[in-house]
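Asker: Each chain is listed here by its residues.
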Amino acid sequence: MSVTELNISPVGRVEGDLDVKVYIDNGKVTRAHTQAAMFRGFEKIMAGKDPQSGLIVTPRICGICGGSHLYCASSALDTAWGTKLTPNALLLRAIGQASETLQSIPRWYYAIFATDLANKKYADKPLYKEVVKRWSAYVGETFQIGLTASGLPVQIYALFGGQWPHSSYMVPGGVMCAPTLKDITRAHAILAQFKNDWLEPVWLGCSIERYMEIKTWDDMLAWVEENESQRNSDLGLLIRAGLEFGLDKFGQGVGKFLATGTYLHKDMYNNPTIEGRNAALISSSGFFDSENYHEFDHMKVSEHVKHSWYGNQEDGLHPWDEPLPTPMKSQTLHDSDFDNQYSWSKAPRYDGHAAEAGPLARVIMNANPNNKEHQIRDPLFGDIIKKLGPSVFTRVLARVHEAPRIYKFIEQWLSEIDLDGEFYVKPVEKDGKGFGATEAARGALAHWIEIKDGVIKNYQVMAPTTWNVGPQDGNDNPGPIETALLGTTIEDPLDPVEVGIVARSFDSCLVCTVHAHDAQSGAELSRFKL
Amino acid sequence: MANVLWLQGGACSGNTMSFLNAEEPTVVELITDFGLNILWHPTTGLQIGDQVQDLLKDILDGKVQMDILVFEGSIIQGPDNTGTMNLFADRPMKDWIKELSEVAGYVVAIGDCATWGGIPAVPPNPSESTGMQFLKKNKGGFLGPNYVSKGGLPVINIPGCPAHPDWITQILVAISVGRIGDVQIDDYHRPKTFFTDFVQTGCTNVVNFAQKVDGGFGTRGGCLFYEVGCRGPMTRASCNNILWNRQSSKTRANHPCLGCTEPGFPHHDLKKGSVLKTMKTLGVFPKEVPEGRSKLAYYMEAGFQKILPTNKRVQETSK
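So the sequences go chain by chain: A and B. 1 is the number of the first residue of the first sequence in UniProt numbering; add one for each residue after it. 1 is the number of the first residue of the second sequence in UniProt numbering; add one for each residue after it.
Simulated from the structure, these hints should not be mistaken for lab results. Some hints could be false.
[Said to hold, decoys possible] No more than 16 Å apart at the CA atoms, straight line, and that leaves these computed lysine to aspartate or glutamate pairs for EDC-like:
1. Lys44(A) x Asp269(B)
2. Lys272(B) x Glu291(A)
3. Lys277(B) x Glu429(A)
4. Lys125(A) x Glu491(A)
5. Lys137(B) x Asp187(B)
6. Lys433(A) x Glu275(A)
7. Lys319(B) x Glu422(A)
8. Lys319(B) x Glu275(A)
9. Lys408(A) x Glu213(A)
10. Lys121(A) x Asp492(A)
Just so you know, these numbers come straight off a predicted model, no measurement behind them.
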């Protein structure tokens, strides 16, 4: 097959706007560029405003992970102001963060990811008929159950935050709410409904406890074949169809992973400090370089802008040192000069490396043998990453693997809330610098704030999508999705569903557009109607 | 049966996420039981690339009927009115919207960004964002003050950050079952059925408001109007009538109403001392008083109640 140009604009099913240019030679992607195509300037809006503006503004950066932004915004102020956080406050923040992530698993899986497996590309596969029956958009049997059940975890969020999305109930010093017995009992009941409607009968085909016994990839394969119920569950089908459809064969990425960690332990972060954060995490932070684990240090994070549409900024600055963004003139994908600036996204790097953020990064950190007693210690994805390596399949499996564990956490944390205890300790406002981070459903999220003269001097947000869809850095090294597209076989240039599947396996918070160009000359060749 | 096209501009997807939480009807029921045909939606649409572009062109050419255009997110006009800060399907989104609004049966703006400009339009408004037919309280917006769709209505505004799923689905149902004639809109183009009463109506702390019992963060009972900036008495919305996620509301969870269904949101443009705090005059008197009250009368009444509360019982709380 000759070199081909594809032009897909847009590829939907996520939020925002992303264009991707891929060069295809003999059916394989040889080069790829990502282009974030929308700019709103939230960091600029917050400058000069009330220090608590982040609590209102940043959840509105992303309505899908707004609660995660709130977790970061309140944490950044906690460290800047030196607040006190009671066990109840830490539990209620963790419950909110976990509920948002739990919601996202069925919602993302059915509405955004699995419908692609019903693409006609896979029509010759034996499991295709079953996939179509269950996962076709709107009409699929379990699509309907899963999408409807995804509204339940955020009902728990609403009990404590008033509503989901877009609450501001986490504030420096704790939380606004002081739940009563009826809120706790109701939350337990809603959680059980989520388990009984979807998690156990539809998704797992077994009890949560049975699923959580799985420790290795071999265990996982044996679990699938253990009985009809597990084999025919949606997870059983995902594993069987995923391997049959070859999802484990493409979309590898940079092989380096970053997690900022989340869920601060109720008794270990009562005097929040940036330095004390790593040790207090339940879902641990870290950087995995494909062989070794490294402790996470936010000072090793930098942002590159050589290929981004911002001026007045040198490359590779730590967020505290970065100026507010100065937007430059942008171009359409067609007119972009990829040797220069071509995206609204910046290129974050950890210790100089591009790193993948997301559930896969999280479950790899959970397999870190150095994790403490209070941290998640789950060896499964240490084994899977060794045996299968990263791929679309590994990434999706990591995302859905979290549901049973998060379920158990929410149940436990609800039971630990002390209804006679304190929920909020009013802080003293002062100038200073702060850092807050969490794991949004789709990966590492961090906020940096500087307060001066009682107003925000600088606010910098680094979202998981920035890590994943960021363009090339100052040394022209590509970002994770740019890298993950390399080598992808485009079976049918008339329907390059593989490109969409790679992008969606990251749950990139953007809408994708794909152009393909002659690998030698860079010229656009022809356009295919898709 | 109604054909719906849903697009997003300077959006966060919050309204889409809210929409997916809908329960009566659910999104699935909206499609299977109410015959709503979603021509395309950025989160759930199956068509990609040129299929979407062709669909948009077919709508503009009159080959496909678009009964409802739903728009989420601000209209991004920057930089310098070029709209290139928000490109969609190879051209500025604002250019698509201008043309699509001319052939739409009804245009429904969902969420604060699409209705009033929302947070992206807070000064210095780096993306030159505006709402579809308003910018903040000023009528005009992107489509101009005189715009009416083919169905004879101006843009129907369903504000909120986000809009409640029922507000969205019920307007879509009203159109699809032929009840659009019953939809009345107020001066800000909001359907009166959801935006006549104040958030305070149905608030479980309304007795504490009347008795001037002050609340605060992390406590049970007490009213959030006096210190932490609750805008429930000045905000028209049915949050305490049609609950959120079927469970609660901001004020029921001890969260001050942020006034997000009113065109000033975020109020006072986030200036120092305005976020989650009650702005005061002379350090004591709330700058804003409940809608329809004279300031002096309100301050006097509040003073009396503070000194001589008529009902101390409201201060008791249970866990």
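Asker: For every hint, state whether the structure bears it out.
Answerer: Comparing the hints with the structure gives:
1. A threshold of 16 Å between alpha carbons decides the hint, and for Lys44(A) with Asp269(B) the separation of about 13 Å falls inside it, so the pair holds.
2. Under the criterion of a C-alpha separation no larger than 16 Å, the hint pairing Lys272(B) with Glu291(A) is inconsistent with the structure, at around 48 Å.
3. With a CA separation close to 13 Å, the supplied pair Lys277(B) and Glu429(A) stays within the 16 Å bound.
4. Distance hint between Lys125(A) and Glu491(A) is fulfilled; the C-alpha atoms sit about 15 Å from each other, no more than 16 Å.
5. A distance of roughly 10 Å separates the Cα atoms of Lys137(B) and Asp187(B); the hinted pair therefore holds under the 16 Å criterion.
6. With a CA separation close to 13 Å, the supplied pair Lys433(A) and Glu275(A) stays within the 16 Å bound.
7. A hinted pair counts as satisfied when its Cα atoms are at most 16 Å apart, and Lys319(B) with Glu422(A) qualifies at roughly 12 Å.
8. The hinted pair formed by Lys319(B) and Glu275(A) fails the criterion: a straight-line CA distance of about 36 Å is larger than 16 Å.
9. This hinted pair checks out: Lys408(A) and Glu213(A) have alpha carbons roughly 14 Å apart, not beyond 16 Å.
10. Between Lys121(A) and Asp492(A), the direct Cα distance comes to roughly 8 Å. Compliance with the 16 Å bound is thereby established for this hinted pair.
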